[in-house]
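K.L.:
Sequence:
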Amino acid sequence: MSKSDLNAKDLKEWGQMSTSIAANAPDLPQTEIPRAALEKLTEELRKLVNDQKLHQSTKQQISQRMKVIHSEGAKLATVLRFLVKQHYGNRNDKLVELGVQPLRSRARKAAPAVAPPPVTHPPATAPTPAVPTTTTPTTTPTPK
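Per this note's numbering, residue 1 is the first one in the sequence shown, and the count goes up by one each step.
Quick caveat, the hints were computed from the structure, so don't treat them as lab data.
Be a bit skeptical, because a hint or two may be false.
Here are the simulated BS3-like cross-link-like pairs (lysine-lysine), alpha carbons at most 25 Å apart as the crow flies [said to hold, decoys possible]:
(1) Lys47 / Lys9
(2) Lys47 / Lys3
(3) Lys53 / Lys9
(4) Lys3 / Lys40
(5) Lys59 / Lys47
(6) Lys53 / Lys67
(7) Lys3 / Lys53
(8) Lys53 / Lys12
(9) Lys40 / Lys9
(10) Lys75 / Lys85
(11) Lys53 / Lys40
(12) Lys59 / Lys3
(13) Lys47 / Lys75
(14) Lys59 / Lys85
(15) Lys47 / Lys12
Pair by pair, the computed Cβ-Cβ distance ranges are [to be verified]:
(16) Thr58 / Gly15: 39 to 47 Å
(17) Leu103 / Ser2: 51 to 59 Å
(18) Arg46 / Gln101: 55 to 63 Å
(19) Leu6 / Gln30: 40 to 48 Å
Note that CB positions come from ideal geometry on N, CA and C, so glycine has one too.
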């Protein structure tokens with residue numbers, strides 16, 4: 001059961017009880033002091049419930065206003081950053097003083113020195129045969 005349901009239930013129950021006891025006061029004289037205390041607590045609880053509702057409403061209004069302020073503030077801060085960059089230039093170190101990150105080029109990585117590939121000797125194999133060159137065949141005289 002939520003707190004608001006509990007508050008409403010108690011307020012209703014206590015109000016009815018106090019009214020009933022007040023109507024029968026001549027028969028129940030011993031209940032006058034506790035009944036008066038209960039009425040006092042009932043009124044205080046009723047006031048607190050109303051105050052709580054008022055504060056919840058105020059809290060919601062404040063939260064909404066804070067959201068609008070954050071949005072507008074972010075836009076104005078962006079405009080100011082842009083104007084400062086425009087005035088000083090986007091690479092000026094003065095921007096750091098004003099809370100703006102200057103544009104800096106990245107340090108280039110040194111190209112790794114390319115080592116010549118290790119010299120490998122071809123595997124020892126049988127020498128390749130020489131290719132014969134074409135020559136005109138000599139004719140040997142035939143004996144007659």
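K.L.:
Work down the list of hints and note, for each, if the structure agrees.
P.N.:
Hint by hint, here is what the structure shows:
1. Lys47 / Lys9: Roughly 15 Å separates the two Cα atoms, so the pair holds.
2. Lys47 / Lys3: With Cα atoms ~15 Å apart, Lys47 and Lys3 stay inside 25 Å; holds.
3. Lys53 / Lys9: Holds, because 17 Å separates the two Cα atoms, which is no more than 25 Å.
4. Lys3 / Lys40: Within the cut-off at roughly 20 Å; holds.
5. Lys59 / Lys47: Given pair Lys59, Lys47 holds - Cα atoms ~18 Å apart, limit 25 Å.
6. Lys53 / Lys67: 21 Å, holds
7. Lys3 / Lys53: With a Cα-Cα distance of about 12 Å, the restraint between Lys3 and Lys53 holds, given a limit of 25 Å.
8. Lys53 / Lys12: 18 Å, holds
9. Lys40 / Lys9: Holds - the C-alpha atoms of Lys9 and Lys40 are around 17 Å apart, at most 25 Å.
10. Lys75 / Lys85: 16 Å, holds
11. Lys53 / Lys40: 20 Å, holds
12. Lys59 / Lys3: Holds, because 18 Å separates the two Cα atoms, which is no more than 25 Å.
13. Lys47 / Lys75: Between Lys47 and Lys75 the Cα gap is close to 42 Å, so the pair fails against 25 Å, i.e. violated.
14. Lys59 / Lys85: Between Lys59 and Lys85 the Cα gap is close to 38 Å, so the pair fails against 25 Å, i.e. violated.
15. Lys47 / Lys12: 14 Å, holds
16. Thr58 / Gly15: 39 to 47 Å: Cβ of Thr58 to Cβ of Gly15: about 27 Å, so the range 39 to 47 Å is violated.
17. Leu103 / Ser2: 51 to 59 Å: Because 55 Å falls inside the window, the suggested range holds.
18. Arg46 / Gln101: 55 to 63 Å: About 57 Å separates the Cβ atoms of Arg46 and Gln101, which means 55 to 63 Å holds.
19. Leu6 / Gln30: 40 to 48 Å: Given about 28 Å between the Cβ atoms, the range is violated.
Consistency with the previously given hints fails for numbers 13, 14, 16, 19, ordered from lowest to highest.
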